[in-house]
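Asks: Sequence:
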Amino acid sequence: MPAHMITANRLSDGVAVWFDTRGRWTEDLGKATIIEDERLAELIETARLSERGNIVVDTRTIEAECVEGEWVPAVRRERLRGTGPSVRRDLATPRKPAQWPQPPFPELPSATSSSPYAGIYRYDEYDRQFLRDRAEQFRQQINRRLAGELSEEEFKPLRLMNGLYLQLHGYMLRVALPYGVVSAAQMRQLAYVARYYDRGYGHFTTRQNIQFNWPRLEDAADILAVLAEADLHAIQTSGNCVRNVTTDHFAGAAAEEVVDPRLYAEILRQWSTDHPEFTYLPRKFKIAITGSPEDRAAVRVHDIGILASRNEAGEPGFTIYAGGGLGRTPVVGTKVRDWLPVRDLLRYVEAILRVYNALGRRDNIYKARIKILLREMKPENFIRMIEDEFAALPDDHNVLHEEIVEAVAARFNPPPFEALPEIPAEKANRGFSLWAKTNTHPHKQPGYISAVISLKPEGGIPGDISADEMDVVADLADRYSLGEIRISHEQNLVLPHVRQADLQALWTGLVEAGLASGNIGLITDMIACPGMDYCSLATARSIPVAQRIAARFADPDRQRQIGALDLNISGCINACGHHHVGNIGLLGVDKSGEEVYQITLGGAADEKASIGSIIGPSVASDKVVDAIEAITGAYLAERRDGERFIDTYRRLGPAPFKEAVYGAD
-15 MPAHMITANR
-5 LSDGVAVWFD
5 TRGRWTEDLG
15 KATIIEDERL
25 AELIETARLS
35 ERGNIVVDTR
45 TIEAECVEGE
55 WVPAVRRERL
65 RGTGPSVRRD
75 LATPRKPAQW
85 PQPPFPELPS
95 ATSSSPYAGI
105 YRYDEYDRQF
115 LRDRAEQFRQ
125 QINRRLAGEL
135 SEEEFKPLRL
145 MNGLYLQLHG
155 YMLRVALPYG
165 VVSAAQMRQL
175 AYVARYYDRG
185 YGHFTTRQNI
195 QFNWPRLEDA
205 ADILAVLAEA
215 DLHAIQTSGN
225 CVRNVTTDHF
235 AGAAAEEVVD
245 PRLYAEILRQ
255 WSTDHPEFTY
265 LPRKFKIAIT
275 GSPEDRAAVR
285 VHDIGILASR
295 NEAGEPGFTI
305 YAGGGLGRTP
315 VVGTKVRDWL
325 PVRDLLRYVE
335 AILRVYNALG
345 RRDNIYKARI
355 KILLREMKPE
365 NFIRMIEDEF
375 AALPDDHNVL
385 HEEIVEAVAA
395 RFNPPPFEAL
405 PEIPAEKANR
415 GFSLWAKTNT
425 HPHKQPGYIS
435 AVISLKPEGG
445 IPGDISADEM
455 DVVADLADRY
465 SLGEIRISHE
475 QNLVLPHVRQ
485 ADLQALWTGL
495 VEAGLASGNI
505 GLITDMIACP
515 GMDYCSLATA
525 RSIPVAQRIA
535 ARFADPDRQR
545 QIGALDLNIS
555 GCINACGHHH
565 VGNIGLLGVD
575 KSGEEVYQIT
585 LGGAADEKAS
595 IGSIIGPSVA
605 SDKVVDAIEA
615 ITGAYLAERR
625 DGERFIDTYR
635 RLGPAPFKEA
645 VYGAD
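The opening residue of the sequence shown carries number -15 in the numbering used here; numbering runs sequentially from there.
Since the hints were derived computationally from the structure, they do not count as laboratory data. Treat the numbers as computed from the prediction; the structure is a model and nothing was measured. Please note that the accuracy of each hint is not assured.
Unchecked claim - Lysine-lysine pairs mimicking DSS-like chemistry, simulated, CA-CA at most 27 Å apart:
1. K319 <-> K592
2. K607 <-> K642
3. K268 <-> K140
4. K319 <-> K351
5. K351 <-> K575
6. K421 <-> K351
7. K362 <-> K642
8. K421 <-> K411
9. K592 <-> K428
10. K575 <-> K607
11. K268 <-> K642
12. K421 <-> K140
13. K268 <-> K351
14. K140 <-> K411
15. K351 <-> K362
16. K421 <-> K362
17. K268 <-> K362
18. K319 <-> K362
19. K428 <-> K351
20. K592 <-> K575
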């Protein structure tokens, strides 16, 4: 019979463990017992006694093979479980309880007081008690799980409702950052969690959330309690519910913005949180909203996408898209309403969700998203059903009256802008002027500018940030951005309200902290999911590929020569790295035990959203960077004046790029 190993994850911290020759669990893969005879059934039953004793979870056998005299799992993913992530060798060890200082516990404004943090929604005592209660409820559920009163099958939906996943090497906690807005005080609280409950860092996601990759189960409720003290939580960051509503990272600041979407994102957040009808949908549900003609929120590739604008009378309203999404079946959403008045926003979103909840498939996880329902029903039939459901709602049901909008708006303090003159960026310092050219965006208030902090340094992991860096960003936000920070879906940070006169001082502070990469919108500003270094669903390691691409294109002058280019990398078909809408997209797949990458070209997530097309056979992992170089070389040879990569691709199609990668037919 083939050789086998027995493996599981430790219940207390989720770490991968192996059944050893003494009948105990070890983290050392080299000590795993190798079973080559009929003892397998007996030993797996012995190992499962530990699961029934609440020591481990997911006990199972896996095939093993001998490689260069050492026994290792035959499956690549299991080998990674045994050796740990191939990245982040700088992982710190969480500090012991005796070393823990009290967390920052920021002084939070009341719902009616003047907040020092402009743009941050102010919770009231009811909101804060709700978060404390949720943390305490989860503490009781964890205690019951550790005591054996709940099985893993019973506990799993409870931990997922609180954002706690079990991944390859441990638990992962996903924390919601509603519409990607945090205060400096909240960022310091996140730094505290990273430093004392994790391994010194966090990872910002394409959903404008943050993930901690190494929390212990027994600490999870304490983490939620600490987060609650800063008006933060992990509610609806998992499960088949309405997830974090995302928006433009320049919302409320962009010069070209027509409507500030954060107000409506907050209204949608409050309405959908713990909604009794929409907490158990057929599948997860994602909403994005923007109020700018330049779509930086990817609204057309969401389950519901909302474009806020104004009519000829100057009244705000919305264009609604539905049925967009990525994953196995990438689709650009269908416009289902040209104009929706503000008063009907919740009613119309509810009508869409009701149709989906009633008709969406629950028998096949791969066909359960709203995009599949829309395709199978045909858009015209789907729209008719939405309109019928909308018309059937009582006239007074969920009307978004002006006083409700005003009450929510009153919880946002307007930024205390000064009357300032416009100041052109200083040209004397080349490093600063080049950074300012790529990493800033025009502000609606004269004398101000928005600055983007790249989390894509050469050799770094896209979206990762250390606890020390979080503290630095918080300090810089307090000093230069009215205490406000944004998270972009491209996995970067934004200081939205910087005085133009302070921009060079901000840049100097970023240089000192190693956070001054001037690459926003360029080839090294890649979106990349955690991949198989962390994720149990992944089939490829997207992070090392991103690092190799960044190293090949490290020369800033070369990046600027190539110009604007979105390069997105996903480690599996679920497309958390948004590869379908990258101008260049990479999808890692497992082909007979080898890691290979599909290449797509022509994707975009903006107002001209499009799904990229596969240009040819998959490329081996060690050939990916060469392929990217060939593609960019073909672009530079073919582009016309003023063209971006996506413009050249749309003009010429895939032929010259395909030839550059694979050669002439």
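Asks: Each hint needs a verdict: does it hold in this structure or not?
Replies: Hints and how they fare:
1. K319 <-> K592: Holds. K319 to K592 sits at ~13 Å (cutoff 27 Å).
2. K607 <-> K642: holds (15 Å)
3. K268 <-> K140: Within the cut-off at roughly 16 Å; holds.
4. K319 <-> K351: Status holds; Cα separation ~21 Å.
5. K351 <-> K575: holds (24 Å)
6. K421 <-> K351: violated (44 Å)
7. K362 <-> K642: It is violated: about 34 Å lies between the C-alpha atoms, which goes past 27 Å.
8. K421 <-> K411: Cα-Cα ~11 Å, so holds.
9. K592 <-> K428: holds (24 Å)
10. K575 <-> K607: Satisfied, since the Cα-Cα distance of roughly 15 Å is no more than 27 Å.
11. K268 <-> K642: violated (36 Å)
12. K421 <-> K140: Violated, at about 47 Å.
13. K268 <-> K351: holds (12 Å)
14. K140 <-> K411: violated (56 Å)
15. K351 <-> K362: The hint holds at about 15 Å.
16. K421 <-> K362: violated (45 Å)
17. K268 <-> K362: holds (21 Å)
18. K319 <-> K362: Given pair K319, K362 holds - Cα atoms ~13 Å apart, limit 27 Å.
19. K428 <-> K351: This hinted pair is violated, its Cα atoms lying about 43 Å apart.
20. K592 <-> K575: violated (33 Å)
The structure shown violates the earlier hints numbered 6, 7, 11, 12, 14, 16, 19 and 20.
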